[in-house]
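If you're matching them up, the sequences are chains Y and S in order.
The opening position of the first sequence corresponds to residue 1 in the numbering used here, with each subsequent residue numbered one higher.
The opening position of the second sequence corresponds to residue 1 in the numbering used here, with each subsequent residue numbered one higher.
Just so you know, these hints were derived from the structure itself, not from any lab.
Please read all numbers here as calculations on a predicted model, not as lab measurements.
Treat each hint with caution, since some may be false.
[Claimed, not checked] Which chain S residues face chain Y? A few, computed with CB under 8 angstroms, are given here: (1) 28; (2) 32; (3) 40; (4) 42; (5) 44; (6) 46; (7) 51; (8) 57; (9) 68; (10) 96; (11) 99; (12) 100; (13) 104.
C-beta: ideal position from N, C-alpha, C; glycine also.
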Amino acid sequence: DSGVTQTPKHLITATGQRVTLRCSPRSGDLSVYWYQQSLDQGLQFLIQYYNGEERAKGNILERFSAQQFPDLHSELNLSSLELGDSALYFCASSVFQGVRNNEQFFGPGTRLTVL
Amino acid sequence: AQSVTQPDIHITVSEGASLELRCNYSYGATPYLFWYVQSPGQGLQLLLKYFSGDTLVQGIKGFEAEFKRSQSSFNLRKPSVHWSDAAEYFCAVGIYNQGGKLIFGQGTELSVKP
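Looking at chain S on its own, in the form it has when it is part of the complex (with noise of 0.2 angstroms):
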């Protein structure tokens, strides 16, 4: 059955330090996978989504992740971790034929100190 796993449910780091978020995924086929961010009381904002070709991909607000077929890992990274990063963080998968269903990992929880 396809699933995603966050292994991370909370992760802290200092503010200009470099982030990174953990996703691995089963799922039989080539995925389709996706990064959303859930600031509090708020929805979710779409983060980056990964489809084909380059295994780097470039989102908003200065993110980015790696798709690692061989690790089935689809990890998330940041250079440098603003205090207004500080929010939950889902990586989900698509799946193929099932309309636009998405999985979701347990969300991953990003403190941020000063």
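Bound conformation, chain Y alone (with noise of 0.2 angstroms):
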């Protein structure tokens, strides 16, 4: 258990429609990252944030948004959702902000249907 705790484990859902993603890092951590794994693209980084600010952006979709809450729990929005969406999405978490002696932490993951 890395301590990083994701809900909810499954989602399944119709095109068009948006869902949200949660994510709690362990405690202490700062930083909240989003990754997306699915079978064409493999696991691709989407964002991050740290103390509440976006860090660093990937291929993130513009359909997509994200949000780190002063709790520092953070939630992925996934609007307009098309049958592509469908993949695996992690949380991870870390104490900085860099690469650099900073492990990620990643939780369970949420598996996303869309039909």
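Hints given; two lone chains; assemble the complex.
What follows is the structure, given as structure tokens:
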């Protein structure tokens, strides 16, 4: 158990809908990261927040947005869902904001299925 | 552009045999390199990392990796594989000055024969 929690574990929804994925980081971690894992794209970095501020951005679609709240939990919002958005979405957390000496701990993921 | 290539999609080894998983990276500066393992239905767990210094790094579960700048490689090794090592392995490079962004390879799935 990494200490990172993600809810829900599974989500099944229809095209065009909007969903929210939630992540609670490990106690004391200030950074939260979101990754998408799909069969065709592999594991891709989406976005990072550090202490409430956006810190780095990857290949995140405009239909997707995220935020980190004052209690440091984070939410990833996916809207106008398409079949291709079906994937495993991971949240990770770390103490600091860079890559050096800053291990990322991954949650178990949320499996999103868009029908 | 930065990238990570894991040439082997799937590898099968016998229990007790040695293992080497290949990873090649493309990055303009000194890379920060990582190996993660993902067991079925689980998140990713860090096996080991390289930032600088000794090019042979030791990790958890008996794994080690060697950084070879001349070959742009960071191969993962284990002298004797256990059945519990069956999982998917990901190599990643951390991008300096882009927060904690990690770029992952496509992964290598390891199967272990009894």
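Taking the hints in turn, this is what the structure says about them:
Taking 8 angstroms as the C-beta contact cut-off toward chain Y, the hint placing residue 28(S) at the interface is violated, the least distance being around 15 angstroms. Because the smallest distance between the Cβ of residue 32(S) and any Cβ of chain Y comes to about 5 angstroms, under 8 angstroms, the interface hint for this residue holds. Annotation: residue 40(S) was flagged as interfacial toward chain Y, and the flag is violated, the nearest CB pair being 11 angstroms apart, outside 8 angstroms. Satisfaction of the interface hint for residue 42(S) is found here, the shortest Cβ-Cβ separation to chain Y being roughly 6 angstroms, below the 8 angstroms cut-off.
Using the Cβ-Cβ criterion of 8 angstroms, the hint placing residue 44(S) at the interface with chain Y is satisfied: the shortest such distance is roughly 4 angstroms. Hint status for residue 46(S): holds, given a least beta-carbon distance of 5 angstroms to chain Y, under 8 angstroms. At about 5 angstroms, the closest approach between the beta carbon of residue 51(S) and any beta carbon in chain Y falls short of 8 angstroms, and the interface hint on this residue holds. About 13 angstroms separates the beta-carbon of residue 57(S) from the nearest beta-carbon of chain Y, more than 8 angstroms, and the hint is not met.
Annotation: residue 68(S) was flagged as interfacial toward chain Y, and the flag is violated, the nearest CB pair being 20 angstroms apart, outside 8 angstroms. Annotation: residue 96(S) was flagged as interfacial toward chain Y, and the flag holds, the nearest CB pair being 7 angstroms apart, inside 8 angstroms. Interface hint at residue 99(S): satisfied, since its Cβ lies 3 angstroms from the closest Cβ of chain Y, which is below the 8 angstroms cut-off. Because the smallest distance between the Cβ of residue 100(S) and any Cβ of chain Y comes to about 5 angstroms, under 8 angstroms, the interface hint for this residue holds.
With a cut of 8 angstroms, the hint placing residue 104(S) at the interface with chain Y holds, because the nearest CB-to-CB distance is about 4 angstroms.
Hints 1, 3, 8, 9 from the list above are not met by this structure, while the remaining hints are.
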